[in-house]
Amino acid sequence: MRETWIVGAASSRYGKMAETAREAATRVAMEAIRDAGLEPKQIGHTFVANCFGLAEHQAHVGPLINSGLGIPEVPSVTVESACSSSSAALHEAFVQVAGGFVDSALVVGAERLSHLTTQTATTFFAIAADYPFETRNGATFPGLYATLASAYRAAYRTTPEMFGAIAIKNHANAARNPHAHLQKEISMETYLASPIVASPLRLYDCCPFSDGAAAVVVSARESIGRPAREPLVVRASARAGAVTGLHDRPDLLGLPSTRTAGARAFRQARLEPREIDFLEVHDCFTIAEVLALEDLGFFPKGTAARESGDGVTARDGRLPVNPSGGLKAKGHPVSATGVGQVVEIFEQVNGRAGGREVPRTGTALAHNVGATGGSCSVHIFSRR
Amino acid sequence: MDGYESGGRLRGLRCPGCGTITATWGLACARCGRPGLEEHGLSDRGRIVAFTVLTVPGDEFLNEAPYAYVVVELEGGGRVSGWMQGIRVEGNVAIGDPVRFVASYKPGVQFARASTGGEASPP
Numbered sequence: 001m002r003e004t005w006i007v008g009a010a011s012s013r014y015g016k017m018a019e020t021a022r023e024a025a026t027r028v029a030m031e032a033i034r035d036a037g038l039e040p041k042q043i044g045h046t047f048v049a050n051c052f053g054l055a056e057h058q059a060h061v062g063p064l065i066n067s068g069l070g071i072p073e074v075p076s077v078t079v080e081s082a083c084s085s086s087s088a089a090l091h092e093a094f095v096q097v098a099g100g101f102v103d104s105a106l107v108v109g110a111e112r113l114s115h116l117t118t119q120t121a122t123t124f125f126a127i128a129a130d131y132p133f134e135t136r137n138g139a140t141f142p143g144l145y146a147t148l149a150s151a152y153r154a155a156y157r158t159t160p161e162m163f164g165a166i167a168i169k170n171h172a173n174a175a176r177n178p179h180a181h182l183q184k185e186i187s188m189e190t191y192l193a194s195p196i197v198a199s200p201l202r203l204y205d206c207c208p209f210s211d212g213a214a215a216v217v218v219s220a221r222e223s224i225g226r227p228a229r230e231p232l233v234v235r236a237s238a239r240a241g242a243v244t245g246l247h248d249r250p251d252l253l254g255l256p257s258t259r260t261a262g263a264r265a266f267r268q269a270r271l272e273p274r275e276i277d278f279l280e281v282h283d284c285f286t287i288a289e290v291l292a293l294e295d296l297g298f299f300p301k302g303t304a305a306r307e308s309g310d311g312v313t314a315r316d317g318r319l320p321v322n323p324s325g326g327l328k329a330k331g332h333p334v335s336a337t338g339v340g341q342v343v344e345i346f347e348q349v350n351g352r353a354g355g356r357e358v359p360r361t362g363t364a365l366a367h368n369v370g371a372t373g374g375s376c377s378v379h380i381f382s383r384r
Numbered sequence: 001m002d003g004y005e006s007g008g009r010l011r012g013l014r015c016p017g018c019g020t021i022t023a024t025w026g027l028a029c030a031r032c033g034r035p036g037l038e039e040h041g042l043s044d045r046g047r048i049v050a051f052t053v054l055t056v057p058g059d060e061f062l063n064e065a066p067y068a069y070v071v072v073e074l075e076g077g078g079r080v081s082g083w084m085q086g087i088r089v090e091g092n093v094a095i096g097d098p099v100r101f102v103a104s105y106k107p108g109v110q111f112a113r114a115s116t117g118g119e120a121s122p123p
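Going down the list, the sequences are from chains A and B.
Under our numbering, the residue at position 44 of the first sequence is numbered 44, and the numbers go up by one with no gaps.
Under our numbering, the residue at position 5 of the second sequence is numbered 5, and the numbers go up by one with no gaps.
It is worth saying that the hints were derived from the structure and are not from the lab.
A hint or two may mislead.
[Stated by the list, open to error] For each label pair, taking beta carbons as the anchor points, the in silico distance ranges come out as:
| # | chain 1 | residue 1 | chain 2 | residue 2 | range |
| --- | --- | --- | --- | --- | --- |
| 1 | B | Val-89 | A | Met-188 | 20 to 26 Å |
| 2 | B | Ala-94 | A | Ala-228 | 57 to 63 Å |
| 3 | A | Met-1 | B | Val-89 | 53 to 59 Å |
| 4 | A | Gly-354 | B | Gly-19 | 54 to 60 Å |
| 5 | A | Gly-37 | B | Val-89 | 54 to 60 Å |
| 6 | B | Gly-19 | A | Pro-160 | 38 to 44 Å |
| 7 | B | Ala-94 | A | Val-233 | 47 to 53 Å |
| 8 | A | Arg-384 | B | Lys-106 | 57 to 63 Å |
| 9 | A | Glu-185 | B | Arg-11 | 49 to 55 Å |
| 10 | B | Ala-65 | A | Arg-267 | 41 to 47 Å |
| 11 | B | Ala-65 | A | Arg-270 | 47 to 53 Å |
| 12 | B | Arg-11 | A | Leu-192 | 42 to 48 Å |
| 13 | A | Glu-39 | B | Pro-35 | 48 to 54 Å |
| 14 | B | Gly-33 | A | Gly-100 | 32 to 38 Å |
[To be verified] Which residues of chain B face chain A? A partial, calculated answer using Cβ under 8 Å:
| # | residue |
| --- | --- |
| 15 | Ala-23 |
| 16 | Ala-50 |
| 17 | Val-53 |
| 18 | Tyr-67 |
[Said to hold, decoys possible] Straight-line alpha carbon distances no greater than 25 Å define the calculated DMTMM-like cross-link-like pairs of lysine to aspartate or glutamate that follow:
| # | chain 1 | residue 1 | chain 2 | residue 2 |
| --- | --- | --- | --- | --- |
| 19 | B | Lys-106 | B | Asp-59 |
| 20 | A | Lys-301 | A | Asp-316 |
| 21 | A | Lys-16 | B | Asp-59 |
| 22 | A | Lys-301 | B | Glu-73 |
Don't be surprised by glycine CBs; every beta carbon is placed ideally from N, CA and C.
So that you can see chain B by itself, here it is in the shape it has in the complex (with noise of 0.2 Å):
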């Protein structure tokens, strides 16, 4: 239900009819309606396609605030949600910029910036 395996990959939901790519829950197709969505893996890499960067947060992430808030754009297809450590303000992240999924030491998909070299090709 939680759309990533623990310390390893992101997972994800084809739609045979559409193609549509989620790792929402979910029975059938969110976009086209289809049912009998397969499973499908997800590439470890994406691009910010928006964001935020929160200083008030919940219980879950009292103790990590300031953090960002990522929409993420994968590799191949399919868009997931994460969060981003130590990005204290906006200017530290911006749209289009190349992200990692990483190894998290709490529930949820954080992200980490896939550094400098561009090994993340545009989605």
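For reference, chain A alone in the conformation it holds in the complex (with noise of 0.2 Å):
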């Protein structure tokens, strides 16, 4: 395999967006690759996620992007795995690159739900769980969570404080970051005040729907001699899957696909949890984060809740989790977040996360699920 690195960055700002998922693709993509200081002609493959692309009357929308860059010719193809889409199409370009079937590839990830209601952006979220066995039985996306929520209090006994900690730990990044979504603080008054949405999470605990577009540029390292920008290094690219109905999982207390990708990715990269500097991972609600961190071996089982409250997880703690906000507040436009994720960390290494930087960016890792588990993500980088 080829040392294969990330060389270029760009994200929309995350909220409601005015033009159409497409629009926003194809500007963050040719952002992402001026960053990197390249043509689009030395593109050799393009991965795109647009996961609700229905919502728009829209599929196939990788040509319509390549098109918009000046390079119809150049392969494109649409990766679906829920919310983990821009991660998993990450993955493909990797395999691409490190591969050495092309030296050079795009990976952008744009969605638009803002013009659907609650309800129907709702109904669309549930999708992707197990229809017949789970969406027909009343399920939501926030309901699972919440469920699974509900088996963790049970056992560990947590109380709202915890939980409402971490919204507000990713509150207070996302306040520095001019791509969220949500870009304010908020109090634990406010936190406990929410409304339940789906017991025991409160609005607070959950992401808010989100439009954005974000996008990276893949290459390998004897492609791009004197980088423009610092690289990231791929040191690894794991993925796994699950089981997907809850009710199919003997254990409720974490996800086992993040478990497995997350060893595979340690494998790979050779490294421990002790020698990752700051982390993006998928808090989609707030429990999300904490089954997340001890899933991925940070926390022993049943600790990261009532720890993440110390301060531990803050922006200038011990390990840094979710600097640019995270889903919960920088926001989760589903098929943007993977990728966005490692706009993240490239920024933070490139010294542009102006406001909100943590103090070491030797090495990071970016965490994606795809719906609650069924798909997971982990890639890992380091500086050169």
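Hey, can you piece these two chains together into the complex? The hints should help.
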């Protein structure tokens, strides 16, 4: 395998987008290519994520993006893996570049759902669960994570304040991120007063429905002599799957695909959790951040909720988690989310995370989950 | 494909290799990989192992909210998901509560409290 780098990155602001996912995707793709110091014609393959493109009556958006970039002859493929679609696309790009099939690949994810009502968006999100065995029995996306939260709370006797501390931390980070959807700090009073969406999850435990687009360029080391930016070396690109239905999992106190993908990634990178400087993890709900930190091996089982309240995972803590604000507050434009995490890591390394810098940026991990863990991607990056 | 028969009983599959019982459709065991699952009747009684009370529904439960979404461990083995009508707040239901499968006026697996007498024994 060839050493593979992330050489350029760009993101839209997450939130409500006036333009289509196609336009936003093309725009961030062009920015990422220029950020890398490349021309579009140097891209050998485009990997696109646009899970809910049908909400805009658009499938097969890859050729439209490539044509908009002036490279209609370049092949593209759309990768769908629910909320982990764009990290799955990044994995495919990694395989192509590391394997020597292309020298540079574009990964772009975009989503636009804000033109839908909350009820319709809720219906769309639930489609990524097991439709006949979960969704049709009443499951929604928040409902399924709430079900996991009920099991966790019963097993470890957590308090609402423990989860509130995670929301407050991620909002504080998002308040310093110009790409973030919810650029505002919240207090514990605000958190506790927010209405229940799916017990025990309150509104402020939940990520917003966001529009957004993000892109990175993946290149082989030998094809880019002197990169325009400090590249991220891809130390690991690992994925895993698991049984989708929560009712078919004997253990509801974690996500099995996170455990598997995480173990694979650490093995690939020949690293251990204690060697990671900061993380972007999949916190679609506060409970998801807790499960991620435990399943990836950063905290013993049953302790992450308790420990997070002590500032350990704050931007200036021992292990900064979600300095971008995470899905919780930066936002969750489904198919942009995974690659957006990598944009954050690239910006931290390149000194572009003004006001939300983490103290150490040697090695970072990105963790992205598809729905309730039917899919999971874990990427590990380091500086050269 | 639904895991239940309308107005009838819950339906499941059993792995002849490892004995895993599931309601979810498949050709091979998701636990051990062995193909050739056998039809297996499921109990209509069980206990709640995890749940949520939903106030923001999708299209198909628009008229039901708030309601409970539950994961239920059935007597004799096997877990299914389902929903419970009229559960408006979290305190109305708890992990460990006995429930029974009931005929529903809509698609999907519906449970109701197995009421007082504790007729459902622990799984």
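Going down the list of hints, with the structure as the test:
1. Val-89(B) / Met-188(A): 20 to 26 Å: For Met-188(A) against Val-89(B), whose Cβ atoms are near 22 Å apart, the range 20 to 26 Å holds.
2. Ala-94(B) / Ala-228(A): 57 to 63 Å: The hint (57 to 63 Å, Cβ to Cβ) holds, given that Ala-94(B) and Ala-228(A) are roughly 58 Å apart.
3. Met-1(A) / Val-89(B): 53 to 59 Å: holds, 55 Å
4. Gly-354(A) / Gly-19(B): 54 to 60 Å: For Gly-19(B) against Gly-354(A), whose Cβ atoms are near 58 Å apart, the range 54 to 60 Å holds.
5. Gly-37(A) / Val-89(B): 54 to 60 Å: Since the Cβ atoms of Gly-37(A) and Val-89(B) sit about 58 Å apart, the hinted range of 54 to 60 Å holds.
6. Gly-19(B) / Pro-160(A): 38 to 44 Å: Holds - the Cβ-Cβ distance for Gly-19(B) and Pro-160(A), about 39 Å, lies within 38 to 44 Å.
7. Ala-94(B) / Val-233(A): 47 to 53 Å: holds, 50 Å
8. Arg-384(A) / Lys-106(B): 57 to 63 Å: Between Arg-384(A) and Lys-106(B), where Cβ atoms are some 58 Å apart, the hint holds.
9. Glu-185(A) / Arg-11(B): 49 to 55 Å: holds, 51 Å
10. Ala-65(B) / Arg-267(A): 41 to 47 Å: Given range 41 to 47 Å: holds, Cβ gap about 45 Å.
11. Ala-65(B) / Arg-270(A): 47 to 53 Å: Hint holds: Cβ distance 49 Å, inside 47 to 53 Å.
12. Arg-11(B) / Leu-192(A): 42 to 48 Å: The hinted range 42 to 48 Å holds for Arg-11(B) and Leu-192(A), with Cβ atoms some 43 Å apart.
13. Glu-39(A) / Pro-35(B): 48 to 54 Å: holds, 51 Å
14. Gly-33(B) / Gly-100(A): 32 to 38 Å: holds, 33 Å
15. Ala-23: Interface hint status for Ala-23(B): holds (7 Å vs cutoff 8 Å).
16. Ala-50: holds, 4 Å
17. Val-53: Since the shortest Cβ distance to chain A is 4 Å, the answer is holds.
18. Tyr-67: Tyr-67(B) check passes; min Cβ-Cβ to chain A is 6 Å, inside 8 Å.
19. Lys-106(B) / Asp-59(B): holds, 13 Å
20. Lys-301(A) / Asp-316(A): Distance ~24 Å between Lys-301(A) and Asp-316(A) Cα, so the pair holds.
21. Lys-16(A) / Asp-59(B): Holds - the C-alpha atoms of Asp-59(B) and Lys-16(A) are around 23 Å apart, at most 25 Å.
22. Lys-301(A) / Glu-73(B): holds, 23 Å
Checked against the numbered hints listed earlier, the structure breaks none of them; every hint is satisfied.
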